[in-house]
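Go ahead and model the full structure; you've got the sequences and the hints to work with.
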Amino acid sequence: MRRPLSRDLAGSSRNDAKVEMVGAPAQGPLASLRARLDIFFKTAEPAPVHCTDIAPMADGHAGLTFGVDLAGAAGVAGRYILKLAPVGVPRRGSTDIYRQAPLLKALHASGLPVPAIRWASADDAALGSPFIIMERLPGRTFIVWEPDASFLETPALIPRLWTSGIESLADFHRLDWRAVLGGWEEPVTLESELARWTALVRHAEDAQWREACHDLADRLGGTMPTASPVGLVHGDFQPGNILFEQGRLAGVVDWDLAVIGPQGLDIGWYMMIADADAWHPQWRPHGPPPQADLIQAYRAAGGPALDRLAWHQAFAHFRMGAIAGLNLKLHRNGRRVDPTWERFALAIPSLLRRAKLLLQQDHADD
Numbered sequence: 001m002r003r004p005l006s007r008d009l010a011g012s013s014r015n016d017a018k019v020e021m022v023g024a025p026a027q028g029p030l031a032s033l034r035a036r037l038d039i040f041f042k043t044a045e046p047a048p049v050h051c052t053d054i055a056p057m058a059d060g061h062a063g064l065t066f067g068v069d070l071a072g073a074a075g076v077a078g079r080y081i082l083k084l085a086p087v088g089v090p091r092r093g094s095t096d097i098y099r100q101a102p103l104l105k106a107l108h109a110s111g112l113p114v115p116a117i118r119w120a121s122a123d124d125a126a127l128g129s130p131f132i133i134m135e136r137l138p139g140r141t142f143i144v145w146e147p148d149a150s151f152l153e154t155p156a157l158i159p160r161l162w163t164s165g166i167e168s169l170a171d172f173h174r175l176d177w178r179a180v181l182g183g184w185e186e187p188v189t190l191e192s193e194l195a196r197w198t199a200l201v202r203h204a205e206d207a208q209w210r211e212a213c214h215d216l217a218d219r220l221g222g223t224m225p226t227a228s229p230v231g232l233v234h235g236d237f238q239p240g241n242i243l244f245e246q247g248r249l250a251g252v253v254d255w256d257l258a259v260i261g262p263q264g265l266d267i268g269w270y271m272m273i274a275d276a277d278a279w280h281p282q283w284r285p286h287g288p289p290p291q292a293d294l295i296q297a298y299r300a301a302g303g304p305a306l307d308r309l310a311w312h313q314a315f316a317h318f319r320m321g322a323i324a325g326l327n328l329k330l331h332r333n334g335r336r337v338d339p340t341w342e343r344f345a346l347a348i349p350s351l352l353r354r355a356k357l358l359l360q361q362d363h364a365d366d
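Counted the way the UniProt record's numbering counts, the sequence shown spans residues 1 to 366.
Because the hints were derived from the structure by calculation, they are not lab data. Even for Gly, the Cβ is constructed at its ideal location relative to N, Cα and C. One thing to keep in mind: the hints can contain errors.
Computed Cβ-Cβ distance ranges for the label pairs, DEER-style [claimed, not checked]: (1) R140 / R196: 27 to 33 angstroms; (2) A122 / R79: 21 to 27 angstroms; (3) A74 / A292: 45 to 51 angstroms; (4) P159 / A250: 16 to 22 angstroms; (5) A44 / H363: 53 to 59 angstroms; (6) T154 / A71: 16 to 22 angstroms; (7) R299 / D38: 30 to 36 angstroms; (8) S350 / G111: 37 to 43 angstroms; (9) R284 / D176: 35 to 41 angstroms; (10) T223 / R299: 20 to 26 angstroms; (11) D206 / T154: 37 to 43 angstroms; (12) D124 / G183: 20 to 26 angstroms; (13) H363 / D69: 51 to 57 angstroms; (14) A74 / D307: 47 to 53 angstroms.
Following this line, the structure appears as structure tokens:
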């Protein structure tokens, strides 16, 4: 997969590849955006700053994401990431790009490995839609199904990438969200999350797929944990959203789906991604260590969300089924062409079967 899953979850068929800018229509959208950035920096910075290069990031989907190079005053010149809200899409959840600004500022101030926000705006005036501009961290994300060749040069190091990722998850989960993020958003619940993802199941075109997902939703609802640690939840925490530089974790990115909620959602998702035996042989994650080792690493790092792990992983499998059903439909009807989802489709039946086994395990452990 060439991008994190979070970028496929919002603005699902409208304007997700559209840059709509006012002014200088003959220049083309990127040139227009670059010109508007230069105008913005004239008022935002006391010293001269101008954009020397701007290019779409290949992974950008939930918002419009660009690499931006700036020249000018010391302390400002450098490489940045610009994320724009999509035009014409309701601004909520992952399409409300500006909501990430206070979150990332708070996390960065707490010493957690996230990009620093340099500029942000909640309105349309400067660039045509709300935006954030953050530092561009070093490193490369580890897309577990299709890793960059640089990762495959040292396969013995790959399990350590997985382990450092889940150790970092524990660090985020230990954040005192009431002190640091108390005014950011109201917490979500497992009930609301199950309802949210169940609503997507209708998009799956395969009747057996829909039936299996609805059956899982019923089972999940009937066995839902009554208590789970509440705190910061990334929403798509997996190696594809983690930057690694020379084998070390350099930063966690793509906070589009972040919420305050039950933190078992994050560890269940990570364990689902890492469960190699649950995936199709042609679409399987590279190099995850044994699941027991990942859980132990999370525990040793102080991770709090250790109860009912089988249930939370089963929920993640269900959620993947719902996401894949929607995106496969959009691919096949031409509204968002991405053949990667054909490969995910190979794995969904086995992922859903694995979810049922996990719920049986959860019941036996209860």
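### Query
Okay, R284 versus D176 on CB: inside 35 to 41 angstroms?
holds, 38 angstroms
### Task
Can you let me know if the beta-carbon spacing of R140 and R196 is within 27 to 33 angstroms?
holds, 31 angstroms
### Query
Cβ-Cβ distance between S350 and G111: within 37 to 43 angstroms?
Distance hint for S350, G111 holds at roughly 40 angstroms.
### Satisfaction of the hinted span 53 to 59 angstroms by the C-beta atoms belonging to A44 and H363
Since the Cβ atoms of A44 and H363 sit about 56 angstroms apart, the hinted range of 53 to 59 angstroms holds.
### Task
Starting from the range 20 to 26 angstroms, see whether the pair T223 and R299 falls in it by beta-carbon distance.
holds, 23 angstroms
#### Entry: Cβ distance range 30 to 36 angstroms for R299 and D38, holds or violated
violated, 50 angstroms
### D124 versus G183 beta-carbon gap, inside 20 to 26 angstroms or not
For G183 against D124, whose Cβ atoms are near 24 angstroms apart, the range 20 to 26 angstroms holds.
#### Entry: Range hint 51 to 57 angstroms (beta carbons of H363 and D69) holds or violated
holds, 55 angstroms
### Query
Does the hinted range 45 to 51 angstroms hold for A74 and A292 at CB?
holds, 50 angstroms
### Query
Could one say that the CB atoms of A74 and D307 fall in the range 47 to 53 angstroms?
Because 50 angstroms falls inside the window, the suggested range holds.
### Message
Looking only at beta-carbon atoms, does the pair D206, T154 fall within the given range of 37 to 43 angstroms?
### Response
Given range 37 to 43 angstroms: holds, Cβ gap about 39 angstroms.
### Query
Using the C-beta atoms of T154 and A71, is the stated range 16 to 22 angstroms upheld?
violated, 35 angstroms
Of the numbered hints given earlier, the model fails hints 6, 7; all others are met.
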